[in-house]
Amino acid sequence: MTPGKTSEPLWWGLFSAGGVVAAFLVPIHIVLFGFAVPFGWIADSGALYHHWPVKIYLFVLIALPLYHWAHRFYFTLNDMRLGLPRKPLAILCYGSAIVGTVATAWVLSVL
Amino acid sequence: MSEIRPDKSKLYHPKMTSTWWLKRPNYVLFMLREWSSLFIALFLVVFLIQLHQLTYGPDAYRAFAHRLSSPGWVIFHIVALLFSLYHSVTWFYSSAIVMPLRIGERLVPRQLVVGLNLLVLAVVSIVILALFIKLHG
Chain A
1 MTPGKTSEPL WWGLFSAGGV VAAFLVPIHI VLFGFAVPFG WIADSGALYH
51 HWPVKIYLFV LIALPLYHWA HRFYFTLNDM RLGLPRKPLA ILCYGSAIVG
101 TVATAWVLSV L
Chain B
1 MSEIRPDKSK LYHPKMTSTW WLKRPNYVLF MLREWSSLFI ALFLVVFLIQ
51 LHQLTYGPDA YRAFAHRLSS PGWVIFHIVA LLFSLYHSVT WFYSSAIVMP
101 LRIGERLVPR QLVVGLNLLV LAVVSIVILA LFIKLHG
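Respectively, the protein sequence lines represent chains A and B.
Under this note's numbering, think of the first position of the first sequence as 1, with each following residue one higher.
Under this note's numbering, think of the first position of the second sequence as 1, with each following residue one higher.
The following block holds chain B by itself, in its conformation from the complex:
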């Protein structure tokens, strides 16, 4: 691209290879954070396919759910869970930076905001788990 630009001498083009993100641990973490969204999306697509099985009746639904207990799917879900938790933690950090929490004049420490978010995540998770157990019979 840069070769055909008439004013290329005036432009600064930093050399970036497709492996730039492997050069520093922080860059790798950044890439892992970005790729976490793919694993979250893949899990949700599988979940949607599982829900679709319900149109064939509860037996088809249960059979599909049972198939997910195979080793390959267990590994996929472990990876997806780790990525999803990594997304949660990094999301809480990012939002603490983008939207700093203030009480009066004082700025609430970033670590505390992240901690509070993690607490909310834990409470929300327990509530969903309890509802799921309670509503299913």
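Chain A with its partners taken away, still in its complex shape:
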């Protein structure tokens, strides 16, 4: 599963899709769940997240930007010349995104 010559377009596609999701959807969710809900400006019992259309939306919202992070973080750490080994770094970055995707799917499915 390490990004080589053949898997590069897949990772780039996920990076790109994640970038779009992050650009359009993430800011308002930070406002909602970082400020509005914690301070009680908007009541949130969590009942909404038991509905499947909402679960699918949340899956897209959470999982795709993780690949965006993985792709950027891998190349950024390489660019920073920190002397980190490339292959383990790639496995760590893209692997974390995959683990995050599985975790998201699992959490949403048991709600």
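You can take every hint at face value.
Straight-line distance between alpha carbons at most 25 Å, and here's what the computed DMTMM-like set of lysine to aspartate or glutamate pairs gives:
no. : chain 1 : residue 1 : chain 2 : residue 2
1   : B       : Lys15     : A       : Asp79
2   : B       : Lys15     : B       : Glu34
3   : B       : Lys134    : A       : Asp44
4   : A       : Lys55     : A       : Asp44
5   : A       : Lys55     : B       : Asp59
6   : B       : Lys134    : B       : Asp59
7   : B       : Lys23     : B       : Glu34
8   : A       : Lys87     : B       : Glu34
9   : B       : Lys10     : A       : Asp79
10  : A       : Lys87     : B       : Asp7
11  : A       : Lys87     : A       : Glu8
12  : B       : Lys23     : A       : Asp79
I should point out that these hints are in silico values taken from the structure, not numbers from a laboratory.
For clarity, every value in this text was computed on a predicted model and none was experimentally measured.
Let chain A serve as the given structure and place chain B on it in line with the hints.
Leaving out everything else, chain B in the frame of chain A:
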């Protein structure tokens, strides 16, 4: 690495230290753009943990959400929001360069494309906010 290469004399190795990106403001902005993805991902992981609390019932969920009102979390979310907005703006700029918008023969000015994207971001945000308020009771 370069020392063990047999043909090192034929290769050009620009000297790059781990602090090269501090040398110019544009490089720093580039690094901030790249690191924005980490803060976005961290926010989403925290959000996922919050959703997981629902498996213990609505009270556990509400308690977790309330804990995020502490000063440390407020600072984290302010930083995350700023990074996320910076990602949005830079993403719109990049996509305007990668995919230039044409109407007939004419190229739509890059600033206008970015402006339209920001408008879409505003509309999408308002729609999500309105839906969130409407669906919650």
